[in-house]
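Input sequences plus hints: build the corresponding full structure.
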Amino acid sequence: MEILVCARRVPDTSENEIELNPAGNDIERDDLVYSINEWDNYAVEEALQIVAKVGGNVTVVTVGGEDDEEILRREMAMGANHGVLISDDAFSGSDGRGIASILAAYVKTGKYDLILTGVQAEDGGAQVGGMLAAMLDYPFASLVNSIEVRSDRKLKISREIEGGNKEINEIDLPCVLSIQTGINEPRYVGMRGIRQVASVPIPTFGAADLGVAAAAVGKGAAKVKRVDYFVPVQGKGARILKGSQEEIIDELLELVKAKGGLN
Amino acid sequence: MARIFAYIVHKGGVADDSASELAVAARKIDPTASPTAVVTGSGAELDAACNSLRASYSEIWKIGNEVLAYPNAELVRQALVRILPPGSFVLVPHEHFGIDLSPGLSIKLNSAFVSDVLEIEGMEGACLKVVRQEFGGQVSAHVRCDISTGAVINIRPGAFKPGQNAPANGVVSDKSAEVGALAAQRRYLETLVAEAGDVDISKQPVLVSIGRGIQEKDNVAIAQELADSMGAALSCSRPVVDAKWMPKSRQVGTSGKTVKPKVYLACGISGAFQHLAGIKGNPFLVAINKNPKAPIFQVADVGIVADLLEFLPELTNKIREMHSVSAK
Chain A
0 MEILVCARRV PDTSENEIEL NPAGNDIERD DLVYSINEWD NYAVEEALQI
50 VAKVGGNVTV VTVGGEDDEE ILRREMAMGA NHGVLISDDA FSGSDGRGIA
100 SILAAYVKTG KYDLILTGVQ AEDGGAQVGG MLAAMLDYPF ASLVNSIEVR
150 SDRKLKISRE IEGGNKEINE IDLPCVLSIQ TGINEPRYVG MRGIRQVASV
200 PIPTFGAADL GVAAAAVGKG AAKVKRVDYF VPVQGKGARI LKGSQEEIID
250 ELLELVKAKG GLN
Chain B
0 MARIFAYIVH KGGVADDSAS ELAVAARKID PTASPTAVVT GSGAELDAAC
50 NSLRASYSEI WKIGNEVLAY PNAELVRQAL VRILPPGSFV LVPHEHFGID
100 LSPGLSIKLN SAFVSDVLEI EGMEGACLKV VRQEFGGQVS AHVRCDISTG
150 AVINIRPGAF KPGQNAPANG VVSDKSAEVG ALAAQRRYLE TLVAEAGDVD
200 ISKQPVLVSI GRGIQEKDNV AIAQELADSM GAALSCSRPV VDAKWMPKSR
250 QVGTSGKTVK PKVYLACGIS GAFQHLAGIK GNPFLVAINK NPKAPIFQVA
300 DVGIVADLLE FLPELTNKIR EMHSVSAK
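If you read the protein sequences in the order shown, they are chains A and B.
Quick note on numbering: numbering that gives the first Met the number 0 labels position 248 of the first sequence as 247, and the sequence is numbered without any gaps.
Quick note on numbering: numbering that gives the first Met the number 0 labels position 301 of the second sequence as 300, and the sequence is numbered without any gaps.
Rather than coming from a laboratory, the hints here were simulated on the basis of the structure.
Glycine included, every Cβ here is placed at the ideal spot set by N, Cα and C.
Treat the hints with care, since some could be wrong.
Here are the simulated DSBU-like pairs of lysine-lysine, each with C-alpha atoms no more than 30 Å apart in a straight line [said to hold, decoys possible]:
(1) 235(A) - 259(B)
(2) 256(A) - 241(A)
(3) 107(B) - 155(A)
(4) 279(B) - 243(B)
(5) 216(B) - 317(B)
(6) 241(A) - 289(B)
(7) 241(A) - 317(B)
(8) 202(B) - 317(B)
(9) 202(B) - 235(A)
(10) 110(A) - 107(B)
(11) 256(A) - 259(B)
(12) 10(B) - 160(B)
(13) 289(B) - 235(A)
(14) 292(B) - 243(B)
(15) 317(B) - 258(A)
(16) 128(B) - 107(B)
(17) 218(A) - 107(B)
(18) 165(A) - 160(B)
Residues from chain A shown here face chain B by an in silico Cβ test under 8 Å; the list is partial [what the hints assert, rightly or not]:
(19) 26
(20) 160
(21) 239
This is the structure:
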């Protein structure tokens with residue numbers, strides 16, 4: 000099975016506290032640690048596990064710039080066969096639809112049976128997978144938390160719905176699935192593995208290579224634009240307990256006891 | 000202004016809470032709007048759901064078809080694309096069905112898509128001004144959406160509080176014949192209900208709940224000891240289940256369990272809305288987190304900025320001391 004995984008490099012929120020910059024219109028980007036979007040990493044692991052069972056290849060693609068190559072190499076160190084960078088100044092400022100149309104153009108250059116994305120990105124809208132599928136007229140399922148290959152034409156998949164319940168579907172190939180975290184346990188990638196793929200060439204495609212009209216993507220074509228970031232004032236805010244650790248513990252226990260929290 | 004439609008999620012003949020929330024959101028786009036409810040399904044359940052909406056929507060479009068008995072997003076999309084007028088606004092609740100339906104629907108309608116909207120600030124020229132959250136709710140963003148060719152807008156459940164709806168005495172129009180036959184490349188088979196697990200956290204009066212801040216599996220025991228000392232049960236947020244440190248049956252949130260304790264100790268939980276949406280009944284909420292800017296501090300009653308691995312064992316020791324003193 001030929002599997003394409005669409006991935007992104009994002010600020011890693013488990014490593015960073017996201018704060019506003021002094022001007023208060025963007026997040027502070029100077030000291031951010033970036034990594035592969037967590038959902039996308041699960042998608043790559045899932046693709047590797049499918050290929051281990053039924054054979055085939057895993058290609059990881061990202062739309063971005065030179066800096067984004069690092070996540071392609073990381074996923075290749077995990078076991079992905081190919082990494083592909085899609086990069087062009089004309090792509091900058093694209094909204095979800097723009098990114099989906101760039102990816103759709105790339106998909107048409109190859110022959111993929113299965114396309115995986117993460118359900119969402121930390122700064123995204125859970126949208127690219129569904130849009131890509133609609134552009135390609137492929138069936139789509141979101142929030143996928145298990146995949147079983149039934150034949151070379153069909154998958155049996157489970158979707159995460161409310162209350163921890165699972166919605167089981169059968170879906171025809173080729174299709175697009177958005178992968179939920181927890182579907183598997185992504186393998187560890189060491190520095191050694193990344194060094195081993197450090198010199199593997201990564202093909203790069205631009206707008207002209209893919210036949211994407213520059214006017215159809217990028218900032219100019221974006222219907223949805225983020226104006227700025229802000230931190231809203233929500234609720235009354237917690238009363239923060241102050242003092243020595245011992246004082247804090249004493250006060251906390253008194254409060255919790257009064258609310259019936261100590262049995 | 001273009002016509003506004005609200006896609007109604009319903010189950011067992013009863014419309015979801017989101018139905019009235021979407022009506023509120025519609026009036027934030029256009030205060031004079033009289034949004035139209037769109038309801039898909041089949042048989043008596045569909046009729047019951049349509050009737051239940053007559054108090055809050057003046058017009059209800061009913062789309063009945065046997066294959067829509069279970070809401071398959073691919074089939075629902077085909078149906079909507081055939082009947083919605085060009086340039087429409089379509090409001091959809093941002094839950095597992097809306098995430099399935101809306102991105103592709105926006106492509107087929109050639110309209111804009113905005114995901115997970117929690118506030119609507121009105122129009123500015125041809126743009127709708129909305130607010131979204133990013134980075135797990137750590138920051139919000141003002142977003143402008145060009146609605147000149149219509150828009151599909153996913154609304155966060157619970158973000159728009161239903162107000163007083165004037166008695167609408169709505170009229171149900173049957174659009175089934177206009178939709179015609181439907182076929183999909185994805186077929187619903189069945190729903191598997193989640194396993195109950197060893198402890199039913201939905202019935203516990205006191206919960207110690209852990210999140211990503213617990214850092215590794217071996218540290219779960221530290222929180223378990225605290226829970227034991229308090230006579231509480233241990234629950235968790237999604238990352239702990241994803242990492243396989245605790246079973247799914249212990250997860251609080253939209254994709255886990257809904258809990259209604261008296262006291263809730265959120266330890267190392269950032270406070271994403273998917274987690275908070277699973278905590279009902281307005282418990283006394285204590286947040287312990289080393290990040291003073293964690294969103295959980297905005298909604299908690301009491302906050303403690305501390306390192307869990309240091310703070311929790313001390314807390315446990317103190318409680319054990321209290322117990323041994325009172326036992327004497």
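Now the hints, each set against the structure:
no. : hint            : result
1   : 235(A) - 259(B) : holds (21 Å)
2   : 256(A) - 241(A) : holds (19 Å)
3   : 107(B) - 155(A) : holds (26 Å)
4   : 279(B) - 243(B) : holds (25 Å)
5   : 216(B) - 317(B) : holds (24 Å)
6   : 241(A) - 289(B) : holds (14 Å)
7   : 241(A) - 317(B) : holds (18 Å)
8   : 202(B) - 317(B) : holds (26 Å)
9   : 202(B) - 235(A) : holds (28 Å)
10  : 110(A) - 107(B) : holds (23 Å)
11  : 256(A) - 259(B) : holds (18 Å)
12  : 10(B) - 160(B)  : holds (21 Å)
13  : 289(B) - 235(A) : holds (20 Å)
14  : 292(B) - 243(B) : holds (27 Å)
15  : 317(B) - 258(A) : holds (18 Å)
16  : 128(B) - 107(B) : holds (23 Å)
17  : 218(A) - 107(B) : holds (21 Å)
18  : 165(A) - 160(B) : holds (29 Å)
19  : 26              : holds (6 Å)
20  : 160             : holds (5 Å)
21  : 239             : holds (5 Å)
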